[in-house]
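Engineer: Model the full structure from these sequences, guided by the hints.
From first to last, the protein sequence lines stand for chains A and B.
Add 839 to a position in the first sequence, counting from 1, and you land on the number used in the working numbering.
Add 839 to a position in the second sequence, counting from 1, and you land on the number used in the working numbering.
Take the hints with a grain of salt, since some may be wrong.
Any copy, or any two copies together, can satisfy a pair, since identical chains are not distinguished.
[Unchecked claim] Here are the simulated lysine-lysine pairs, DSS-like style, with alpha carbons at most 30 Å apart:
id, residue 1, residue 2
1, Lys-886, Lys-1119
2, Lys-1080, Lys-1167
3, Lys-1197, Lys-886
4, Lys-990, Lys-1022
5, Lys-1022, Lys-1198
6, Lys-989, Lys-1053
7, Lys-1084, Lys-1167
8, Lys-1144, Lys-1167
9, Lys-990, Lys-942
10, Lys-1124, Lys-886
11, Lys-1167, Lys-1020
12, Lys-886, Lys-1111
13, Lys-964, Lys-989
14, Lys-1198, Lys-886
To be clear, the hints were calculated from the coordinates, so they are not data collected in a lab.
2 protein chains.
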Amino acid sequence: MTLNAIKQMETYARYNPQVVSLSQGIPYQRTDNDIRLAVVEAMLQNKVDAYSDPQGLLQLRQKISEMLLTEDMQYSDDEILITAGATEGLSATILSLLISERKEILIPTPSYSAYYKIVESAQGKPVFIQLNEEKGWSLENSLLEKQITKKTAAILLCNPNNPTGSIYSKEELLAICLIAKEKDIMVILDEVYGNMLFDTKELYTPCVVEDFKKNIIRVVSFSKDFSLTGWRVAFLHSHRKVIQKILPVHDALVNCAPVISQYAALAALENKERILENNKIIYTKNRALMQRYLDNLQEYISYQKPIGSYFFFPRLLKEENSIDFCFKFLEKENVAVVPGSDFGPGGESHIRLCFGRKKEDIIKGMEGLTRFLVNTN
Amino acid sequence: MTLNAIKQMETYARYNPQVVSLSQGIPYQRTDNDIRLAVVEAMLQNKVDAYSDPQGLLQLRQKISEMLLTEDMQYSDDEILITAGATEGLSATILSLLISERKEILIPTPSYSAYYKIVESAQGKPVFIQLNEEKGWSLENSLLEKQITKKTAAILLCNPNNPTGSIYSKEELLAICLIAKEKDIMVILDEVYGNMLFDTKELYTPCVVEDFKKNIIRVVSFSKDFSLTGWRVAFLHSHRKVIQKILPVHDALVNCAPVISQYAALAALENKERILENNKIIYTKNRALMQRYLDNLQEYISYQKPIGSYFFFPRLLKEENSIDFCFKFLEKENVAVVPGSDFGPGGESHIRLCFGRKKEDIIKGMEGLTRFLVNTN
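Structural biologist: If you want it as structure tokens, here you go:
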């Protein structure tokens, strides 16, 4: 196994300052001042030195429980687990689900490339399901049902979907959960970009249906919403019986989420509305900026406007091999972007462009892309 | 799977303030002021917000590389991986080693109870090897050789050993590494308590032997030495080919170690001598304090004086079942300690007592133990 292309590209950009990166999904903004102040205060009060409860600070879980209630989801503090980032939450979840014969995790493709790396690291087997690009990257139930066997442990859904920026509709999600319940598999719902939505769209989460509680594990991160990617803190929630299975695995992976980051998360929730409001303004502008470049390149690419997340995922009209394309582009223009093939077989012939990065980088990167496409075609 | 007894006991104590805990290995000291200042400075310089290189901050890896060189170990920065605590380092390591038929990890017992939880979480199989209590908890080569089969991936050694406080001698370690090299298995060397040594003892590490580089993965934590357990930061080092296999698994587990904690680690190393000097004074006193109580209880327990770590691991002379003992003791005296059976089959009939906790807790806990042993026997 190797690092995925997102990380390879980003690592290359990190050590080569001439390279502009639109690769990894890193919000360019700095962490909010109120979060920073809260962290320093917690440190001065000697609250962050020692391990926390493996399940996470009770205070934070209670706060999340209250927040979920305002969103019509009923989960008590013992049904919430604080993790060292969404990645760790997903790893702990998947490791807890892989038992005896059930080693397969269904992954719609294209979807976040870490998923199959996580499944493979967990000694499981990723099974891809092709999303339908023509129908807004939707998931067809018949394809899903065909892939569920006695070996299936779960389906892993990213909503909004990274890299496509599409969202699953209420009808799709309810259908998936019904199938999951019927076939006795779990739905792992990664809503890391759940608050990054445009054009007044809203995200439906099937966790509001009490009847699905035992079949859904919902993962929510603080990283993207609050520019806390370096802090490694997220949470997941599910029925307490499910949490009780994930908890010892989480404990075996990391002991507990970093405590200072748990206090950052607490402060983030206390300032949630203000911070998210500000994000929406910035990312809406960034999306429009990137889109203007893409609109001028319609001879070379086609794209769907993202509804959620901070990614465009244009299709390359004159190049099949996305890895070839990205390496040539990097070499020629010093711009790092992610080859679509990184997101599973369904992502080939596309590239992923992050508009969460700073404005100057978006401009430099997109100017480079324009030059490259025009000159090489 | 459930949480191990250490965590169950500690969680109970956490939510029941009348309970004194000598259970989990948490240094009672607060994190050093110079570390705190460095962390705030890094935050103000906007260095901690975003993901780091998955392998860890280059600056920190370079500093560790220099430090290792002063200890006669040659590892370049790309042979070092910064992890979200030693636990994550061990999980990533073990997940990277379990391939096809090689699913077994050898674990001397008694040894740290997280080990078999980690191996089980990783879908592997722990295989215990009994340590010899009469010979200072040493590992017999013949027993080791007998357990190595085609299914063996690695042996996991804790040195100094938690919970016994014993250390493996140079001769033992060289013999183990020779056997490992010959049989083509890995030695995972957990030296989390490597700096917590008493009576002018020194720890020998076989990493100084260049010839063993490809067979040893050495794990070192900042948690215990620098009272940073809540920060989740540690490192491991090995030959670059081994690191290249662990890196993508580490990336799949946590993305990167929490960045703010990596800056804490950097400051810790810059203040290492002062902090370790201070630890030695405190833990030497605490050890003597606990020992005075144990010496008065020789009718009920026998013990070996710990050479390293901050644990005593006395044998119960009048009680076989350590779990029964610990629960009765908790109920009667409100003191949480860890049943020896948590450390594998070799730990039964013992209890683990942590003298890293604060003085008042050691006194209360040991007074409780004295009362309990005298009254119930």
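Engineer: Each of the hints needs a verdict: does it hold here or not?
Structural biologist: Here is what the structure says about each hint:
Taking the shortest alpha-carbon separations for Lys-886 and Lys-1119, only the inter-copy value of 24 Å comes in at or below 30 Å, while the best intra-copy value is 33 Å. Taking the shortest alpha-carbon separations for Lys-1080 and Lys-1167, only the inter-copy value of 28 Å comes in at or below 30 Å, while the best intra-copy value is 50 Å. In this assembly of identical chains, Lys-1197 and Lys-886 lie within 30 Å of each other by CA distance solely across copies; the values are 16 Å between and 34 Å within a copy. When the C-alpha separation of Lys-990 and Lys-1022 is checked against a cutoff of 30 Å, the pair qualifies only within one copy, where the shortest distance is 11 Å, while the shortest distance between copies is 34 Å.
In this homomeric assembly, Lys-1022 and Lys-1198 never come within 30 Å of each other (Cα to Cα): the closest approach is 47 Å inside a single copy and 56 Å across copies. For a Cα distance limit of 30 Å, the shortest separation of Lys-989 from Lys-1053 inside one copy, 19 Å, qualifies, whereas the shortest one across copies, 40 Å, does not. When the C-alpha separation of Lys-1084 and Lys-1167 is checked against a cutoff of 30 Å, the pair qualifies only between copies, where the shortest distance is 27 Å, while the shortest distance within a copy is 46 Å. Taking the shortest Cα distances, Lys-1144 and Lys-1167 sit within 30 Å of each other inside one copy (25 Å), while across copies they are farther apart (64 Å).
For the identical chains of this complex, Lys-990 and Lys-942 are neighbours both inside a copy (6 Å) and across copies (20 Å), given an alpha-carbon limit of 30 Å. For a Cα distance limit of 30 Å, the shortest separation of Lys-1124 from Lys-886 across copies, 25 Å, qualifies, whereas the shortest one inside one copy, 39 Å, does not. In this assembly of identical chains, Lys-1167 and Lys-1020 lie within 30 Å of each other by CA distance neither inside one copy nor across copies; the values are 46 Å within and 43 Å between. Proximity of Lys-886 to Lys-1111 under the C-alpha cut-off of 30 Å is found in both arrangements, the shortest distances being 22 Å within a copy and 22 Å between copies.
With identical chains, the CA atoms of Lys-964 and Lys-989 are at most 30 Å apart both within one copy (13 Å) and between copies (23 Å). Only between protomers do Lys-1198 and Lys-886 lie at most 30 Å apart by alpha-carbon distance; the minimum there is 19 Å, versus 37 Å within a single protomer.
Of the numbered hints stated above, those contradicted by the structure are hints 5 and 11, listed in ascending order.
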